[in-house]
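Visitor: Read off the chains here:
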Amino acid sequence: MTTRPNSQGLLGLIDFGKKPDGVTILMMLGGAILAGVGLAYVLLQLVLNGHSAFNTSSNVAWGAPIAFYLFFLLTSSGLSVIASLDTVFGLKVFYPVAKRCMWLSITTLVAGFSILALEIGHPFRMIWAIPMGMQFHSPMWWMGVFYSIDLVLLCVKFYLMHTGEWHTKRAHYVSIASFTICILAPGTLGLVFGMMAMRPAWYSPVMPMYFILTGFATATAFILFITSLYEHEDKQAEVKRLYTSVLPRLFFVSLLAVIAMRFGQIITGLWSNYEGMEAHWHALRSPLFHVEIWLGFVLPALLMASESRRQYRPFQALAALLFGVGIFFARLELLIVGQVVPLFKGSFGGYAEYWPSATEWMLVPAGFGIFYVLYGAGNWLLRLSETSEQ
Amino acid sequence: MSRWGMVIDLEKCTGCQACTTACQVENNRLPGENWQDVLFYAEGEYPSGKFSWLPRPCMHCENPSCREVCPTGATFKDKDGFVLVDWEKCIGCKYCMVACPYGVRFYAEEKQPVQPDIRSVFPGDGDKMWNPPWQMPEARRDPKHGVGIQPTNVVSKCTFCYHRVSKAPAGTVDLDPSNPALRDFVPACVVTCAPSARYFGDLDTPTSEVRRLIAEKRGTRLKEETGNRPQVYYLAGEQSSIPETRSTRIKS
Numbered sequence: 001m002t003t004r005p006n007s008q009g010l011l012g013l014i015d016f017g018k019k020p021d022g023v024t025i026l027m028m029l030g031g032a033i034l035a036g037v038g039l040a041y042v043l044l045q046l047v048l049n050g051h052s053a054f055n056t057s058s059n060v061a062w063g064a065p066i067a068f069y070l071f072f073l074l075t076s077s078g079l080s081v082i083a084s085l086d087t088v089f090g091l092k093v094f095y096p097v098a099k100r101c102m103w104l105s106i107t108t109l110v111a112g113f114s115i116l117a118l119e120i121g122h123p124f125r126m127i128w129a130i131p132m133g134m135q136f137h138s139p140m141w142w143m144g145v146f147y148s149i150d151l152v153l154l155c156v157k158f159y160l161m162h163t164g165e166w167h168t169k170r171a172h173y174v175s176i177a178s179f180t181i182c183i184l185a186p187g188t189l190g191l192v193f194g195m196m197a198m199r200p201a202w203y204s205p206v207m208p209m210y211f212i213l214t215g216f217a218t219a220t221a222f223i224l225f226i227t228s229l230y231e232h233e234d235k236q237a238e239v240k241r242l243y244t245s246v247l248p249r250l251f252f253v254s255l256l257a258v259i260a261m262r263f264g265q266i267i268t269g270l271w272s273n274y275e276g277m278e279a280h281w282h283a284l285r286s287p288l289f290h291v292e293i294w295l296g297f298v299l300p301a302l303l304m305a306s307e308s309r310r311q312y313r314p315f316q317a318l319a320a321l322l323f324g325v326g327i328f329f330a331r332l333e334l335l336i337v338g339q340v341v342p343l344f345k346g347s348f349g350g351y352a353e354y355w356p357s358a359t360e361w362m363l364v365p366a367g368f369g370i371f372y373v374l375y376g377a378g379n380w381l382l383r384l385s386e387t388s389e390q
Numbered sequence: 001m002s003r004w005g006m007v008i009d010l011e012k013c014t015g016c017q018a019c020t021t022a023c024q025v026e027n028n029r030l031p032g033e034n035w036q037d038v039l040f041y042a043e044g045e046y047p048s049g050k051f052s053w054l055p056r057p058c059m060h061c062e063n064p065s066c067r068e069v070c071p072t073g074a075t076f077k078d079k080d081g082f083v084l085v086d087w088e089k090c091i092g093c094k095y096c097m098v099a100c101p102y103g104v105r106f107y108a109e110e111k112q113p114v115q116p117d118i119r120s121v122f123p124g125d126g127d128k129m130w131n132p133p134w135q136m137p138e139a140r141r142d143p144k145h146g147v148g149i150q151p152t153n154v155v156s157k158c159t160f161c162y163h164r165v166s167k168a169p170a171g172t173v174d175l176d177p178s179n180p181a182l183r184d185f186v187p188a189c190v191v192t193c194a195p196s197a198r199y200f201g202d203l204d205t206p207t208s209e210v211r212r213l214i215a216e217k218r219g220t221r222l223k224e225e226t227g228n229r230p231q232v233y234y235l236a237g238e239q240s241s242i243p244e245t246r247s248t249r250i251k252s
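So the protein lines, in turn, are chains A and U. For the first sequence, the UniProt record's numbering assigns the number 1 to the initial residue and increments by one for each residue that follows. For the second sequence, the UniProt record's numbering assigns the number 1 to the initial residue and increments by one for each residue that follows.
Think of the hints as simulated: they come from the structure by calculation, not from any bench. Quick reminder that beta carbons are idealized off the backbone N, C-alpha and C, glycines included. Incorrect hints may have been included.
[As the list claims (entries may be wrong)] To give an idea of the interface, some chain A residues facing chain U are shown, with a C-beta separation under 10 angstroms as derived from the structure:
hint, residue
1, SER58
2, ALA129
3, ALA171
[What the hints assert, rightly or not] Residues of chain U clear of chain A, computed beta-carbon distances all greater than 12 angstroms:
hint, residue
4, CYS16
5, ARG56
6, GLU68
7, THR72
8, LYS111
9, GLN112
10, PRO113
11, VAL154
12, ILE214
13, GLU216
14, THR245
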């Protein structure tokens, strides 16, 4: 399919003529139910109990909601990087997936922001207090700046693609700017944790790289899983090659890189005697850790190791799904490992206890629901399969 | 300008927690949310094990990492050395809680350790978190400096009793609670300390009592390696010690 430039205003960009297919209808309907139930439950609890509905405490200040929005924000950045592989670096093999990645990037970012808004104490105050504060020494301030710019650039880039501008000068500049931001934003998010010398289990100059890499790997899993739902698009040889050879290989390589980094973290964590690092031993006793490592990282890598299995779409979908679950829990595990050893609480408190409350878990259907509705709508109305003519 | 600091003599401290209670009442804190706490430590094993305690207010650091990470500037350092939270700017992101090496910041929107939840027994009006039966006088409340009845969804911490200390007569160097003329300006925990283990004064004045004690009794600060440079000094002497660990060290 080729692009169709449109000049009838914003509404004219939407293709109402096409009927949604079964998967898309299911996605939007299911998403609406998930989002409705999740948001209703969370908002009701916030009205009735405030943020006490969360199981966070002054010991574990950041809990599951932070992990969930990390998952969505980092995936968004990874998707944007995949889209940039053709628009910035000219790797034409990624053309068929670029526009879909851009839309996925926007939708995951919106889902992440929605969860953040529900987690933060004063979401409306944040809108004026962060820009007015100008706290340029705070990594969180930069994170806010970069992710805000990221959302704007993603929308502009998607708009240009949608109106057929893939290779104009301004499209190229926007692509370069968007790519730069989608590296800076997750990198800064990594710094939010990595700069905390007082939290030894987080403190690491490698944390930004870990965030960028895991975001990219998750994005590869995302696009593999999503496109496995649309087998009919594999008919063209070049498209087939992308889905059965290029993307699965990319996924496998990024999986190996994630495993190497993660095992590096674990081994240094278990070896170190520095106070606070005993959290890594504590993590070994957590079921989350084993879901993350064995089910979420190692098993998908084994599934993707063989060339023949890599080409098989159901195996790809399974490996992608498993990695998605693994990285989801990895984000939560990361949050806990940095806070489980309490700061100056005396000998008798033991490790800080934390497990997400029902309200926190309900942010998961809320986030995924928002994502499914937006993605389904895009798939129906925004011609996500179209590609550049060049 | 002063640079207010505190000295805590661990040889004198009996661990009675009167300071904790005084702070609670003075600052209308929720039960269990101790801006000022006394931490108890058991270290080592029989026959050389020991039991110790550590009073722990906010350190009001010279280079506070909580201020560095705050994305809105709600946490700031006052010209007189106080580290404070502007409750009207705080967005409740809790990054400062993560960044404080001493665990002295609090977010009151959590399940209360003491039941029944006193917030439901004395529900707050407007944006106030609760309506305590004894309240700080209206004239002393100052949300821009984190003083008074706390609003919901913001972070709070020890203010070194800013509402008392900032009213001290200009030029005061030592806030000695035994001096009746100054008593109203001394932090509540210092006034209440029965064995007089706490001292409060200007760290920038070479002749101040706190400077003399730090110099003569080798005052030490917690977690110097973080570079936060606390304005709270501990005197360990020969009869006591600073606990070896900041938290529990459980054998793995």
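Visitor: Hint by hint, note whether the structure agrees.
Guide: Here is what the structure says about each hint:
Look at SER58(A): its Cβ gets to within about 5 angstroms of chain U, closer than 10 angstroms, so that hint holds up. Because the beta carbon of ALA129(A) sits about 4 angstroms from the nearest beta carbon in chain U, less than 10 angstroms, this interface hint is met. The criterion of a C-beta within 10 angstroms of any C-beta in chain U is not met by ALA171(A), whose closest approach is roughly 33 angstroms, and the hint is violated. Distance check for CYS16(U) against chain A: the nearest CB is about 16 angstroms away, which clears 12 angstroms, and the non-interface claim stands.
In this structure ARG56(U) is not separated from chain A by more than 12 angstroms, as the shortest Cβ-Cβ distance comes to only about 6 angstroms. Taking the minimum C-beta to C-beta distance to chain A, about 5 angstroms, the non-interface status of GLU68(U) is violated against the 12 angstroms cut. Look at THR72(U): its CB is around 4 angstroms from the nearest CB on chain A, not clear of 12 angstroms, so calling it non-interface is violated. Not every Cβ of chain A is farther than 12 angstroms from the Cβ of LYS111(U); the closest lies at roughly 6 angstroms, contradicting the non-interface assignment.
Listed as a non-interface residue, GLN112(U) fails to keep its Cβ farther than 12 angstroms from every Cβ of chain A; the least gap is roughly 8 angstroms. A beta-carbon of chain A comes within 12 angstroms of the beta-carbon of PRO113(U); the shortest separation is about 9 angstroms. Listed as outside the interface, VAL154(U) is inconsistent with that label: its C-beta sits roughly 6 angstroms from the nearest C-beta of chain A, within the 12 angstroms cut-off. Against the 12 angstroms criterion, ILE214(U) stays outside the reach of chain A, whose nearest CB is about 21 angstroms from its own CB.
Even its closest Cβ contact with chain A, about 26 angstroms, leaves GLU216(U) beyond 12 angstroms, as expected for a residue assigned away from the interface. Not every C-beta of chain A lies more than 12 angstroms from that of THR245(U), the closest at about 6 angstroms, which undercuts listing it as non-interface.
Of the numbered hints listed earlier, those contradicted by the structure are 3, 5, 6, 7, 8, 9, 10, 11 and 14.
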